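*Asks:* Next come the chains, spelled out residue by residue.
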Amino acid sequence: MDTPFAVGGRTFRSRLMIGTGKYRDNETMVRAIEATGADVVTVAVRRVDLDRTADGSILKHLDPKRFFLLANTAGCYTADEAVRYARLAREAGFNDFVKLEVIGDQETLLPDVAGLLEAARTLVTEGFKVLAYTNEDLITALRLEEAGCAAVMPLASPIGSGLGLLNPMSVRTIKRRLQVPVIVDAGVGTASDACVTMEQGVDGILMNTAVAAARDPVQMGHAMRLAVEAGRFAYLAGRMPKREVAVPSSPTEGMLD
Amino acid sequence: MDTPFAVGGRTFRSRLMIGTGKYRDNETMVRAIEATGADVVTVAVRRVDLDRTADGSILKHLDPKRFFLLANTAGCYTADEAVRYARLAREAGFNDFVKLEVIGDQETLLPDVAGLLEAARTLVTEGFKVLAYTNEDLITALRLEEAGCAAVMPLASPIGSGLGLLNPMSVRTIKRRLQVPVIVDAGVGTASDACVTMEQGVDGILMNTAVAAARDPVQMGHAMRLAVEAGRFAYLAGRMPKREVAVPSSPTEGMLD
Amino acid sequence: MDTPFAVGGRTFRSRLMIGTGKYRDNETMVRAIEATGADVVTVAVRRVDLDRTADGSILKHLDPKRFFLLANTAGCYTADEAVRYARLAREAGFNDFVKLEVIGDQETLLPDVAGLLEAARTLVTEGFKVLAYTNEDLITALRLEEAGCAAVMPLASPIGSGLGLLNPMSVRTIKRRLQVPVIVDAGVGTASDACVTMEQGVDGILMNTAVAAARDPVQMGHAMRLAVEAGRFAYLAGRMPKREVAVPSSPTEGMLD
Amino acid sequence: MDTPFAVGGRTFRSRLMIGTGKYRDNETMVRAIEATGADVVTVAVRRVDLDRTADGSILKHLDPKRFFLLANTAGCYTADEAVRYARLAREAGFNDFVKLEVIGDQETLLPDVAGLLEAARTLVTEGFKVLAYTNEDLITALRLEEAGCAAVMPLASPIGSGLGLLNPMSVRTIKRRLQVPVIVDAGVGTASDACVTMEQGVDGILMNTAVAAARDPVQMGHAMRLAVEAGRFAYLAGRMPKREVAVPSSPTEGMLD
Amino acid sequence: MEIVVNGEPRTVAGGATLLELLQTWALDPRAVVVEHNRRIVRRPSLGDVHVEPGDTIELVQFVGGG
Amino acid sequence: MEIVVNGEPRTVAGGATLLELLQTWALDPRAVVVEHNRRIVRRPSLGDVHVEPGDTIELVQFVGGG
Amino acid sequence: MEIVVNGEPRTVAGGATLLELLQTWALDPRAVVVEHNRRIVRRPSLGDVHVEPGDTIELVQFVGGG
Amino acid sequence: MEIVVNGEPRTVAGGATLLELLQTWALDPRAVVVEHNRRIVRRPSLGDVHVEPGDTIELVQFVGGG
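Chains as they are written, first to last, in my numbering: chain A, 1 to 257; chain Z, 258 to 514; chain P, 515 to 771; chain V, 772 to 1028; chain S, 1029 to 1094; chain X, 1095 to 1160; chain G, 1161 to 1226; chain D, 1227 to 1292.
Where hints are given, some of them may not hold.
[Said to hold, decoys possible] For the chain Z half of the interface with chain P, some residues (derived, Cβ under 8 Å), not all of them:
(1) D296
(2) V370
(3) A371
(4) E375
(5) I396
(6) L435
(7) L493
[Unchecked claim] Derived pair list, reagent style DSS-like, types lysine-lysine, alpha-carbon separation capped at 27 Å:
(8) P:K579 <-> A:K242
(9) Z:K432 <-> V:K836
(10) A:K175 <-> A:K65
(11) P:K689 <-> A:K242
What the hints contain is simulated information worked out from the structure, not anything from laboratory work.
Quick caveat: nothing in here was measured; it's all calculated off a predicted structure.
The C-beta atom is built at its ideal place from N, Cα and C for all residues, glycine as well.
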């Protein structure tokens, strides 16, 4: 019914990837992630708290045998910083994938495309599978593909904004022009955002806040699982044409006198 | 996880109702309807073809024990005509439900609200369970409820147009102000349209062309099933707030020096 | 450059009609209305305050020789009430025009189309020039034209909401199907709303809150004047086609080696 | 009523800049440009046709004393190429302004931000006043400002597409964060697009196809002049707040019994 | 004799009942609803109603519709 | 005598005409429309209509509205 | 002698200056910008620069563009 | 002796290895990645690297993130 979803040589069951940040508690996080059906979860790299006040490793809650841990470089503002975090993440020993973020501005958390390309080139030469968080710019997306990224991850709207897919045409164009998987990252706010995003033909979606900050994260996780599948199947099924005039669904013949 | 979906005293499994018109062949229709998971299917009342050139009764293809047959009055332009069709439909002996359509204009197939209210009042007094196809007008919706309709069915956009939900606020307002079930009828074009419509809080959706005229009606039927559930669960889960500024998903503490 | 704007046998200079309610003071109202260039202003019919605490007649501030006073029936919830107000308004002796409002619901101020049609028929037989405030429903608009209304006034969005033109297709369809002038009434929030509304081909716009509740009503009045003209001329000029691919504006020949 | 519109030390009367390409004939071009009220017109640099078949210099039709000639580097795909065209343009002796374009892709004509920044830095050091055509990316816009550009020109949508302002939030954010003038370039299709763009608070708009490819370019030119002013004044006036509930424009007191 | 069925003139045997007509046309009474001179005839009565010359009969069924 | 004006009881001189009442309240007849016991009284007739006890009078004018 | 002008080979008089070439082609020096072997030649110098065989010359002007 | 761990000065036993330090802080070596003076130290070598006064150590782990 659908082609397998493969990134960087790995095949995944679900086209929905989930972030592990900002849940009200770890139990809710685990149940919500299970509801999404995701097999890829993103994690951040942060200092250990020697005084044990902070929550500690996510591994206490998520079984690395069950979930594919995709480390990100969130919070990095330069290529060097991002490369440093990526290397530390790989050393954790799970895989050589990294969700590369090089942020250009604290208010919008938009990517710095120059730093992003520089870091991507370095990490690719070091053998990383780079999934690059980027903006809606086709040209940058093409450069990231040329740089050898395993996937390109344009945003739907700013991280944590929940504004949905602001620029469907750009995302559609990026998908049409690239060979590597296109996974929309950030901005999805509710199920219909995920559904309409998948209808653009992209390969997958990564989200976090939309699930974590919902009133009921578990139920929203389930909704997102369904929405991503719905959007994918609708894309594959091929939608009806739009018309400005009405067309009856019932026969116009055979009416009574 | 959700309240049961009950209309006119009957409870249905699926919040998605499907029309049976315009499929390329009956086998595709049956398989597509099965894929939607719908238990309510709409049918039209038309003359028997004594010369047997036309396709004949839908009952050859859909088992009335398995599907709830909701007869419509499609093609009727006056209250009298619609009442006549409704009575004939009930005589078929399946149920006393009718999807009431009184069309006001051939080009747009928009309802004639005056005729609609007149027919609704007549049919309600005759014991029909009336599901009234109407426009996005709250006042008409309130009058239909006062007239005793079992459900009010505002359109998303014109029948067969596939333009999706043109006026979410109106539909949301109708749902908020009415006690009887609100089922959006007509205009849905693809899965995300169904999803965003359910996110308005309405009780269900009726569609036909979006499935029948898809490139692959069976796959689209499956997509619609998922989309309606996704939108419903997202509505129940309560979406995250929208923000114009970005909010990081990963911790801002614990960064390296 | 454009056909004259005539309603009910009267020709007006400006396609922008302005309401006189809700200004912070009368001087601002007068200056804002002058800035709009409107020659038609709407007024309400209310009791005289015998104790002189209230502001009194609008005629103290607007010269009836300079402005065409279009009385409305705002606040009326039945056909009888609206007819009563219309008759009182005509007795003021300025003209036999009335902006007919029959409201169906206090929260949304949406029209009660049944009451509206009843009142319109009565007033037309009494020789009134009826400008009927209605919703986006084509069928009701056609009935109002059949009833002899001088103009049909579909809303852009609810009165005082400032949500702009929620349903361009409906308004475009109404304009295409009617012979009498179509004047969009209510819902315009800012200049671009007025501009895009006129681009649908309608004959005029009536607004009040968008000007009265702007931070600077006089400057907004000027903006609205320009926006209505801009939208009108753009409609007459015929816009370029939309394209999903880019087309260079500069020659592709004659480049250097 | 408004601050003067100054770019690179020059003050201009009109916030609307017009391209000179793609008109059906030169007389229409001149009349359309006059109708827009623009004092800045863009021109391209191309080879002279020694065989005199092509149309020849634009200066035959536009008086350089009356119009400020803003040369572009349209058609350049590398920083070097763009710098070469900019130098040739300056040698024409009119001014040291250049509308810098470094295109990254022939299908979308989207800018190559890396080449754009490189060329901008070079030209700024050579004393050019650089107006940089860029995408909706805030970070790139900030870098262009840091590079010393006289103005940043984000697109509304792809060149020649007429799709209007696809991403109002991005443009609004760019304007809020930059000190230099922000002039939206490309994508405007009709008057309301220009109006809504100016309402975001940007300093000006540059367009070409919307006027040149209108059915009546002269009338559309006039419409665009009004639309830009309307949007600017509406922005300065401060629009009314949007509300989901209706608010009456006429008094609710003083109704009859 | 001449009657009108679904808008078209038809010649049928004089004095036939509606049920007999349905059988003539090989129509399953359970799958068809009969309107006789604008009055619906319920299934149990189909055998009791005799057709007169000039009668108008409508025979309807459920077909695919939205 | 007692009448009701704009919904409120008022005491006025017996036998007064509508025109006299307007003058009492210093209202310009050209700026006001008068409804007397639910019937509109046109301006020229204001001086001819005498008010009876218990009469209901509505006096309306144009005010700002949208 | 042979030179390349705007990408095409042309035969011109030996030893001619750029200014003379412009005159040959009836081009107004004030409406054209000249690039000679990839170097821009400013107008005052057009009369001083002599063309050599195989030189590459670009002559550009302003045309309509967006 | 004094070293800097995760940005804060700490006093540790002289000559301790990184592995010993982790044990001191009750950290599971498999759940932590160690950067020693800006160089990552792979797990097998943690027992071989001795800490010198003034060394800078970063200890990181995976936490919830988007």
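*Asks:* All hints are to be evaluated individually against the structure, with a verdict given for each.
*Replies:* Do the hints match the structure? See the list:
Annotation: D296 (chain Z) was flagged as interfacial toward chain P, and the flag is violated, the nearest CB pair being 32 Å apart, outside 8 Å. Interface restraint check for V370 (chain Z): the shortest CB-CB distance to chain P comes to about 6 Å, inside 8 Å, so the restraint holds. The beta carbon of A371 (chain Z) is positioned within 8 Å of a beta carbon in chain P (closest approach about 7 Å), and the interface hint is therefore held. Contact between E375 (chain Z) and chain P, as hinted, is not supported at the beta carbon level, the nearest pair being about 11 Å apart and thus beyond 8 Å.
Given the 8 Å rule on beta carbons, the hint for I396 (chain Z) holds: about 4 Å separates it from the nearest Cβ of chain P. For L435 (chain Z), the interface hint is violated, the least distance from its beta-carbon to any beta-carbon of chain P being 12 Å, above 8 Å. With 8 Å as the threshold, the beta carbon of L493 (chain Z) stays out of range of chain P, its nearest partner Cβ sitting at about 25 Å, so the hint is violated. Simply put, K579 (chain P) and K242 (chain A) have alpha-carbon atoms about 51 Å apart, too far for the 27 Å limit, and the pair is violated.
Note on K432 (chain Z) and K836 (chain V): the hinted pairing is violated, with a Cα-Cα distance of about 63 Å set against a maximum of 27 Å. Of the pairs offered as hints, the one joining K175 (chain A) and K65 (chain A) is violated, with about 31 Å between alpha carbons and a cut-off of 27 Å exceeded. Between K689 (chain P) and K242 (chain A) the CA atoms are separated by roughly 21 Å; this keeps the pair inside 27 Å, and the hint holds.
Going down the numbered hints, you'll see the structure goes against 1, 4, 6, 7, 8, 9, 10, while the others check out.
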